[in-house]
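Trainee: In case you want the letters, here they are:
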Amino acid sequence: MNVGRILSSPLGLRLMSLVGVVVVWEAFGRLNPRVASYPSEIGAAFVQLGFVDDALVPAFATTLHGLVVGFAIAATLGIAIGFAMGRIRLVDLILDPYVSAFYATPRIALVPLLVLWVGIGFELRVTIVVLSAIFPIIINTYIGAKSVDRELLDAGRAFAANGWQLLTTVVVPGSIPYLFAGLRIGVARALVGIIVAEMTAAVTGTGRLIIQYGRFFETDKLFVPIIILGLFSIALAEVVYFLQRRATPWARVERIR
Amino acid sequence: MLDIQHVDKSFGQEGPPVLDDFSLAVAEGEFVSLIGPSGCGKTTLLRIVAGLLTATSGTVAVAGVPSLGPSRDKAVVFQHFNLFPWRTALANAAYGLEIQGMSRAEREERAMQWLVKLGLERYAHHYPGEISGGMRQRVGIARALVIEPKLLLMDEPFGALDALTREHLQGELQRIAESTSLTILFVTHSIDEAVYLSDRVIVMGTHPGRIIREFQVDLRRPRYDYNFRAEPQYAAIRGEIWSLLERELAITPDEPLVDATAGGVDTRS
Ligand SMILES: Nc1ncnc2c1ncn2[C@@H]1O[C@H](COP(=O)(O)OP(=O)(O)O)[C@@H](O)[C@H]1O
Ligand SMILES: [Mg+2]
Numbered sequence: 012m013n014v015g016r017i018l019s020s021p022l023g024l025r026l027m028s029l030v031g032v033v034v035v036w037e038a039f040g041r042l043n044p045r046v047a048s049y050p051s052e053i054g055a056a057f058v059q060l061g062f063v064d065d066a067l068v069p070a071f072a073t074t075l076h077g078l079v080v081g082f083a084i085a086a087t088l089g090i091a092i093g094f095a096m097g098r099i100r101l102v103d104l105i106l107d108p109y110v111s112a113f114y115a116t117p118r119i120a121l122v123p124l125l126v127l128w129v130g131i132g133f134e135l136r137v138t139i140v141v142l143s144a145i146f147p148i149i150i151n152t153y154i155g156a157k158s159v160d161r162e163l164l165d166a167g168r169a170f171a172a173n174g175w176q177l178l179t180t181v182v183v184p185g186s187i188p189y190l191f192a193g194l195r196i197g198v199a200r201a202l203v204g205i206i207v208a209e210m211t212a213a214v215t216g217t218g219r220l221i222i223q224y225g226r227f228f229e230t231d232k233l234f235v236p237i238i239i240l241g242l243f244s245i246a247l248a249e250v251v252y253f254l255q256r257r258a259t260p261w262a263r264v265e266r267i268r
Numbered sequence: 040m041l042d043i044q045h046v047d048k049s050f051g052q053e054g055p056p057v058l059d060d061f062s063l064a065v066a067e068g069e070f071v072s073l074i075g076p077s078g079c080g081k082t083t084l085l086r087i088v089a090g091l092l093t094a095t096s097g098t099v100a101v102a103g104v105p106s107l108g109p110s111r112d113k114a115v116v117f118q119h120f121n122l123f124p125w126r127t128a129l130a131n132a133a134y135g136l137e138i139q140g141m142s143r144a145e146r147e148e149r150a151m152q153w154l155v156k157l158g159l160e161r162y163a164h165h166y167p168g169e170i171s172g173g174m175r176q177r178v179g180i181a182r183a184l185v186i187e188p189k190l191l192l193m194d195e196p197f198g199a200l201d202a203l204t205r206e207h208l209q210g211e212l213q214r215i216a217e218s219t220s221l222t223i224l225f226v227t228h229s230i231d232e233a234v235y236l237s238d239r240v241i242v243m244g245t246h247p248g249r250i251i252r253e254f255q256v257d258l259r260r261p262r263y264d265y266n267f268r269a270e271p272q273y274a275a276i277r278g279e280i281w282s283l284l285e286r287e288l289a290i291t292p293d294e295p296l297v298d299a300t301a302g303g304v305d306t307r308s
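These protein sequence lines are chains A and B, in that order.
Take the first sequence: its letters are residues 12 to 268, numbered as in the numbering used here.
Take the second sequence: its letters are residues 40 to 308, numbered as in the numbering used here.
For the record, the hints were derived by calculation from the structure and aren't laboratory data.
None of these values were measured; they are calculated from a predicted model.
Cβ atoms here follow ideal geometry from the backbone N, Cα and C, with glycine treated the same way.
Among the hints, erroneous ones may be present.
Stated by the list, open to error - Not the full set, but computed from the structure, chain A residues with beta-carbon under 8 angstroms of chain B:
#	residue
1	Ala171
2	Ala172
3	Pro184
4	Pro188
5	Thr259
6	Trp261
Could you build all of it, start to finish, from the sequences and the hints given here?
Mentor: See below:
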């Protein structure tokens with residue numbers, strides 16, 4: 012066994028870096044207990060919250076529920092609107108100003124208004140997720156529909172494909188990489204949206220845990236939902252990559268971070 | 040079979056004429072090549088015949104019926120293959136039949152027959168990105184022939200291939216042309232290819248695009264069986280086309296700034 016070679020492999024380097032960070036963090040945390048918690052304490056808090064208090068699973072389930080429902084709506088509507096704008100000039104002309112304006116507006120500024128309209132329950136969280144995720148999905152789908160290879164459209168037209176057939180056999184498959192780029196940005200924005208909603212107006216789920224533990228300076232507990240969210244967002248990106256690879260067996264899927 | 044009458048074409052309101060009073064009749068089963076300097080309007084003419092572009096004036100008829108758009112009696116083979124990268128060779132070949140609404144089993148069976156004829160059965164389930172340029176264009180030819188068109192339109196189909204592959208596919212195209220009553224309109228910039236394949240070679244001039252001469256090629260068929268290049272008629276026609284094109288190029292030495300076939304627009308005034 013060549014230990015040196017294993018340690019200098021990409022995985023080895025990552026592991027060493029992780030171990031290094033944990034060790035330094037642990038040492039720093041023990042020397043400055045007022046500033047931040049440290050890994051061993053956080054591990055203990057995780058066990059306490061997760062298995063003794065049973066606080067993590069219900070909170071995370073609440074977050075996941077709003078996220079999934081909101082993202083499903085955002086993806087469905089966003090893709091449909093994106094294709095409609097990309098292919099139908101009239102729809103583009105009518106919707107473009109709103110899409111551009113909304114895309115540029117910080118969505119969090121809308122929270123008070125949304126509370127007024129839909130209350131502070133499930134509907135609010137879903138609405139915020141939809142508003143967070145839908146614009147990158149619309150815009151990327153739109154760009155995909157616009158940038159479909161003209162020569163491939165020609166090929167479809169040469170075989171007498173009608174408008175609908177061109178959409179389904181050329182425009183949609185040709186847009187898939189853009190569509191997934193939109194979904195990937197959208198899912199990250201959706202996660203930010205739901206946590207913002209849960210930390211501000213709705214006060215529930217994982218966002219509430221962060222507020223709650225932050226308020227009482229329980230930094231060991233505070234790190235638990237933060238780390239879970241970090242790992243969860245990595246997992247979400249991986250899921251999207253996986254789906255993209257499944258949906259595009261002809262293509263090498265580039266990982267854009 | 041194909042009757043092109045007085046076709047004019049210019050792009051936009053103020054654009055210069057790209058085609059000027061272009062008329063050409065092609066008989067059933069005839070193989071006609073168009074040759075001319077780049078930018079003389081060959082692709083434009085082919086796209087008009089295919090129904091991908093409308094003429095500014097003039098008419099195109101296929102088998103006596105006015106051709107007003109793409110239809111299933113015409114098929115196109117493109118210079119850059121234009122295969123759908125997300126479809127396997129088989130699904131690409133079956134595309135036209137799918138558009139016509141044929142069931143999956145039936146269209147794939149027919150597509151497979153053509154892939155077999157073109158020596159592609161082992162690659163039926165490969166994506167275009169996984170096969171060579173020569174194989175891609177075979178798929179392009181299969182995709183066109185599967186719909187059993189009356190008229191086959193080919194725009195420099197072998198222009199992007201290496202010499203050896205080109206020669207091979209030229210032979211196969213001849214075999215196919217012989218075994219069917221297919222009428223073929225073939226664009227090329229190779230004099231040798233035009234003479235080798237055609238019953239008739241149309242030489243076009245540029246600015247505006249128009250016919251300047253046509254040549255009947257009476258070389259014995261099939262031509263892949265003997266050294267047709269050693270025939271006196273080959274040398275004679277080749278020489279004449281060469282000097283015609285040389286004169287055309289001398290009149291208009293400037294090449295288009297952007298190749299229009301690549302989707303660009305010529306910005307010269
Ligand atoms: N879509 C277009 N818009 C404007 N000009 C075009 C367009 N397509 C072709 N042209 C012009 O028409 C002329 C003929 O082009 P083309 O038919 O592609 O020539 P060829 O195939 O013989 O090289 C060129 O001058 C080209 O710039
Ligand atoms: Mg051309």
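Trainee: A separate judgement is required for each hint: does it hold in the structure or not?
Mentor: Okay, the hints, checked on the actual structure:
no.: 1; hint: Ala171; verdict: holds, 4 angstroms
no.: 2; hint: Ala172; verdict: holds, 5 angstroms
no.: 3; hint: Pro184; verdict: holds, 4 angstroms
no.: 4; hint: Pro188; verdict: violated, 10 angstroms
no.: 5; hint: Thr259; verdict: holds, 7 angstroms
no.: 6; hint: Trp261; verdict: holds, 4 angstroms
In the structure shown, a violation is registered for the earlier hint numbered 4 alone.
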